[in-house]
Amino acid sequence: MSTTPSRSYEPDSYRGSAVIGKSVVIKGQILSREDLLIDGEVEGGTIESQEHKLTIGPNGRVHANVKAREIVVLGTVNGNVEATDKIDIRKDARLVGDIKTARIVIEDGAYFKGSIDILKPEVRTAPARPAAPTAEPAVPASATAPGAAK
Amino acid sequence: MIGERLKAWFRGGSQPSPPPVPQAPVSRPAGGAVRPRAAQNATAYSRRSPGLEQFFYILRDTAGLSILDLSAASQANISFITGLGHRIYAEDIMDALDSTYPPERFFEAQQDGALNRQILDQCLNFPAGHFDGALVWDCLQYMKPPLLEEAVERLHFILRPNAYLLAFFSSDERAVTVPRYVYRIADARTILLAPQQHRQPSQHFNSRHLERLFGRFQQVKFFLARDNLREVLVKR
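These protein sequences, in sequence, are chains A and B.
Mapping to the numbering used here: the first sequence position 99 is 99, numbers consecutive.
Mapping to the numbering used here: the second sequence position 6 is 6, numbers consecutive.
To be clear, the hints were calculated from the coordinates, so they are not data collected in a lab.
Honestly, I wouldn't trust all of these hints.
[Said to hold, decoys possible] For each label pair, taking beta carbons as the anchor points, the in silico distance ranges come out as:
{"#": "1", "chain 1": "A", "residue 1": "28", "chain 2": "B", "residue 2": "207", "range": "54 to 64 Å"}
{"#": "2", "chain 1": "A", "residue 1": "78", "chain 2": "B", "residue 2": "85", "range": "37 to 47 Å"}
{"#": "3", "chain 1": "A", "residue 1": "107", "chain 2": "B", "residue 2": "128", "range": "45 to 55 Å"}
{"#": "4", "chain 1": "B", "residue 1": "95", "chain 2": "A", "residue 2": "105", "range": "14 to 24 Å"}
[Stated by the list, open to error] Under 10 Å between C-beta atoms, here's a sample of chain A residues computed to sit facing chain B:
{"#": "5", "residue": "22"}
{"#": "6", "residue": "24"}
{"#": "7", "residue": "25"}
{"#": "8", "residue": "82"}
{"#": "9", "residue": "107"}
{"#": "10", "residue": "109"}
{"#": "11", "residue": "112"}
{"#": "12", "residue": "115"}
{"#": "13", "residue": "116"}
Since the structure is predicted, the reported quantities are computational estimates derived from the model, not experimental observations.
Glycine included, C-beta positions come from ideal geometry on N, C-alpha and C.
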């Protein structure tokens, strides 16, 4: 275990994620299929990590629209932000843009300017089971749903 | 003294009285500038807010409204407003004022029309009738004319007809500086007030001033609280 103090953001929770380091500048679109930590600079376009967690580290500076399952902001974001699950804006973070999310946590000391729309969780309807060949009259798919979505 | 306590007890019923607001040492900086002071020995307290109660009573039956909150974004306010099914727009106008006007010339700099336009464009730049309600809290009492009138005019513009605005003003006529609070909504009728610092208000706002200030609005209603705050509910 190293005793050297580190200034970078290295919580356990992002181990195994892709990392954009603090000296990296990206201009353009990012599409991630795994958890992603941005501790560098991203300009323009969009950042999408639809089914995954996206963390903007304390050194991260993002000028783009962001979409992910879960978003944690410790740095600076200028752009609209959409999280299907949760947005967590930490102390000293700065977010200017509109937020759409199911849940939001904002710590005192965070700067936020923009609107917040809370998305209601989608009511998941069970997919219709393929109808078994039968002579009986067809039953509407919704009526056959209980127990089907496992 | 005892008579006052008895009167307060009868008036307040079982509700605890807010703690006395600590007064900052009287000090008027040159040129009417603002000199923030830490509110010594000040503790946060909650109390019933009749203005807030009426504000949310009016909004209770409709979901999906847009509410403007002119304080620093807070979990309590966001959770409460979005929990009612409304959309909240957070805009920390005091932060914008403090970062635009130099502290030593805070009120003098508010005579600069270009700076005022910059502030209003930055903080209150929305389409006509965009909001169904505005929680202005106490920020208007730190604005001096002409910025004050221009800010109220913008609020009139961005609120839809029949929308409500809630603002707080110090009712202490003799105070040179007044406590600046962070306001957190505890529930539909209770606010938590956390004193942050003492600041000099731009002027004392009595009922007549306020009626004149909100002259273009349909209705102005006052609620005087025991902690020297005048709650003002205004109908667009």
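Taking the hints in turn, this is what the structure says about them:
As the Cβ distance of residue 28/A to residue 207/B is approximately 58 Å, the hint placing it in 54 to 64 Å holds. For the pair residue 78/A and residue 85/B, the beta carbons lie near 28 Å from each other, so the given range of 37 to 47 Å is not met. Between residue 107/A and residue 128/B the beta carbon distance is about 34 Å. The supplied range of 45 to 55 Å is therefore violated. Distance hint for residue 95/B and residue 105/A: a CB-CB separation of about 21 Å, consistent with the stated range 14 to 24 Å.
For residue 22/A, the suggested interface contact is broken, since its CB lies about 26 Å from the closest CB of chain B, more than 10 Å. Hint status for residue 24/A: violated, given a least beta-carbon distance of 29 Å to chain B, over 10 Å. Interface restraint check for residue 25/A: the shortest CB-CB distance to chain B comes to about 27 Å, outside 10 Å, so the restraint is violated. Given the 10 Å rule on beta carbons, the hint for residue 82/A is violated: about 14 Å separates it from the nearest Cβ of chain B.
Hint on residue 107/A holds. Least Cβ distance to chain B is approximately 8 Å, under the 10 Å limit. For residue 109/A, the interface hint holds, the least distance from its beta-carbon to any beta-carbon of chain B being 9 Å, beneath 10 Å. With a cut of 10 Å, the hint placing residue 112/A at the interface with chain B holds, because the nearest CB-to-CB distance is about 4 Å. Checking residue 115/A against chain B: minimum C-beta separation of about 4 Å stays under 10 Å; hint holds.
For the restraint placing residue 116/A at the interface with chain B, the shortest Cβ-Cβ distance is roughly 5 Å, inside the 10 Å limit, so the hint holds.
In this structure, the earlier hints numbered 2, 3, 5, 6, 7, 8 are contradicted, and the remaining ones agree with it.
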